Amino acid sequence: MNQQEWPLWEVFIRSKQGLDHKHVGSLHAADAAMAMQNARDVYTRRLEGVSIWVVESKHIHASNPDEAAEFFDPAADKVYRHPTFYDVPDSIKHM
Amino acid sequence: METLAQDLSPEEQFQARIDADIRIEPKDWMPEAYRKTLIRQISQHAHSELVGMLPEGNWITRAPSLKRKSILLAKVQDEAGHGLYLYSAAETLGTSRDQMLADLHSGKAKYSSIFNYPTLSWADMGCVGWLVDGAAILNQVPLCRTSYGPYARAMVRVCKEESFHQRQGFEIMQTLCEGAPVQKEMAQEALNRWWWPTLMMFGPKDSESPNTAQSMNWRIKRFTNDELRQKFVDMMVPQAEFLGLTVPDPAVKWNEARQAYDFGEVNWEEFWNVVKGNGLCNHERLQARVQAHEEGAWVREAALAHAAKRKAREAVAV
Amino acid sequence: MSATQPEQSTATAAQGASPLFPFVLQLADTSLILAHRLSEWCGHGPVLEQDLALANISLDLLGEARSYYQYAAELEGKGRTEDDLAYLRSAVEYRNPLLVEQPNGDFAHTIVRQFLFDNFHYQLLKGLKDGPDARLASIAEKSLKEAAYHLKWSSEWIIRLGDGTDESRKRLDKAIATLWRFAGELTTPTATESQLQELGLVPDYVALWPAIQAHTAHVLAEATVPEPPAPVAQLGGKTGRHSEHLGYLLAELQYLQRTYPGLTW
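Residue numbers (my numbering), protein chains in the order written: chain D, 2 to 96; chain W, 4 to 321; chain F, -8 to 256.
Extracted from the complex, chain D is given alone in its bound form (with noise of 0.2 Å):
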């Protein structure tokens, strides 16, 4: 008997209209569409959700921890990014 599991799939939740989709888990389905209903009897019994995507894991391309120091930390020194980083004075409102 050819045994071969159903390939893995990830799961993305909009808890609420205006929010973003998070990530929640995964689960096993056949085909997207069963990947859906899967995803709405596993992932949404208690109302957890308003919107699902789903999507194939192997079509997840994660960047690469040891590669996180020259990715990330050149954002680190980018302080003038952020508004605290501008005086501005008390009498201008609006800002």
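Hints in this document: simulated from the structure, not taken from any laboratory.
If you're wondering where the values come from, they're calculated on a predicted model, not measured in any experiment.
Hints may be right or wrong, so weigh each one.
Okay, derived cross-link-like pairs now, DSSO-like style, lysine-lysine, Cα gap no bigger than 30 Å in a straight line [said to hold, decoys possible]:
| no. | chain 1 | residue 1 | chain 2 | residue 2 |
| --- | --- | --- | --- | --- |
| 1 | F | Lys136 | W | Lys163 |
| 2 | F | Lys161 | W | Lys70 |
| 3 | W | Lys163 | D | Lys23 |
| 4 | W | Lys70 | F | Lys117 |
| 5 | F | Lys69 | D | Lys17 |
| 6 | F | Lys133 | F | Lys143 |
| 7 | D | Lys23 | W | Lys39 |
| 8 | W | Lys39 | D | Lys17 |
Fit chains W and F to the given chain D structure using the hints.
Just chains W and F now, with coordinates in the frame of chain D:
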């Protein structure tokens, strides 16, 4: 990132992150032993959820009211969900659910011994919820802060859902204890059977638990077996008193000096016997899981075959 | 399906009670028995994800059954509760169609049973939702959303099993051969149903038929399964003449209430 000095070995860097309470994520470097320990623990936990469906599943068709039937079914279904979350967490470590199930079915992987005890009366549904889930929660709440990210996140979800499980169990016990004498007897009889096996759920004594130190060090585990067992007794004895039930241990006594309950010695011979597979239900629990998996094989294959056919047709159509 | 089923003496239908009572009870029994059957799968499903799906459907139907029982109890007005109605009536008093009490069998049998029921249930609820009885309409409106999902689920599984492997096809064919004969009862009105249909309280099953038929044809075509010849319909459940399976089911379902009468759980 001052803590992660450049000249530390990967092991030292890893331990430094753990000590700083920085979560480990799937693609991060980790010691092989950490990975193995996690796979063993998470899959064992997942198996416990899966096998744990059976003793309660037993009573879904016999629940005494439509309300109880709905609650019990929802609860046992939650356990399937919890198993699924946990298998998913373990899969991020490079194992597959099929592999984990194969280990369960071959007897190589363990699951919580508590589920090898039979559920004989409706009061057992009360005891499983109140005691067994109560013990599980004590184990699980600290795991929400465990060092491996996917495991911790799965546990947050599990704990959130689990909170109604213990309450519904207590409510069943309370209803029985406030009911007719025959119901109260049913409750006491069930407590007599479940008390000691529940204490065994926390595992062997610290002195005989070789993995505890390393697991604590890696912050996979946050309390020792004996600490949790004591916590459990301290929590449960007053609740049993509230219900008007007697914990079946004559040694249970409040110790003013320790500010904790003294209690008797667990029957460790029975504990190891059940762990080794000689409990009353070991055989049938495993058999039920193997059967479900084997009888489901053609269904899983059909779904895959259909998905492949459909894909092929779509490819032609494009 | 145009013939009317003979009605047994309905001693349970109280004098003076609302004419809707036996029908609402029938709906309640139907949802409960099918929910019970599906709940037997819990912990034994072919894959974890589908274990959850089966339990969800069971829970939906259980909730629907409770709404009907509560309404039936009010219509009867004799002080019986939802649990009295579910737990203290014998097999011959139960009014569910034969289909839903049939054993789970393998997954294919469960799917075929579910598909036949869902396809009818969905259309029935659509009709009831627009009916004149406000309470029934509101239960139907809530249940319709659930039934739409159930129908989607069971339809897709029919297609997967039909157009899957040789093995799944063989099993599906067998399940169809076993269960198709129970479909006719769903749309064959009993005397009670006919009366209510004349009063406009229950949708005319003849009017539901084309949509049911069209969906069946569509799903079977997708599944590459030739439409089975219409078998002789097995009737009886809705008038209390059940298959032997129901007795065992009720023995289990009612065990505690029967063993310890009058207690609260």
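Hints and how they fare:
Distance check on the hinted pair: lysine 136 of chain F and lysine 163 of chain W sit about 27 Å apart at the alpha-carbon level, within 30 Å; holds. Of the pairs offered as hints, the one joining lysine 161 of chain F and lysine 70 of chain W is violated, with about 39 Å between alpha carbons and a cut-off of 30 Å exceeded. Taking the CA atoms of lysine 163 of chain W and lysine 23 of chain D, the gap is near 17 Å; set against the 30 Å cutoff, the hint holds. With a CA separation close to 27 Å, the supplied pair lysine 70 of chain W and lysine 117 of chain F stays within the 30 Å bound.
At most 30 Å may separate the alpha-carbon atoms for a hinted pair to count; lysine 69 of chain F and lysine 17 of chain D exceed this at roughly 44 Å. Pair hint lysine 133 of chain F plus lysine 143 of chain F holds up; C-alpha atoms about 17 Å apart against a cutoff of 30 Å. Of the pairs offered as hints, the one joining lysine 23 of chain D and lysine 39 of chain W holds, with about 29 Å between alpha carbons and a cut-off of 30 Å not exceeded. As the CA atoms of lysine 39 of chain W and lysine 17 of chain D are separated by approximately 38 Å, the hinted pair breaks the 30 Å bound.
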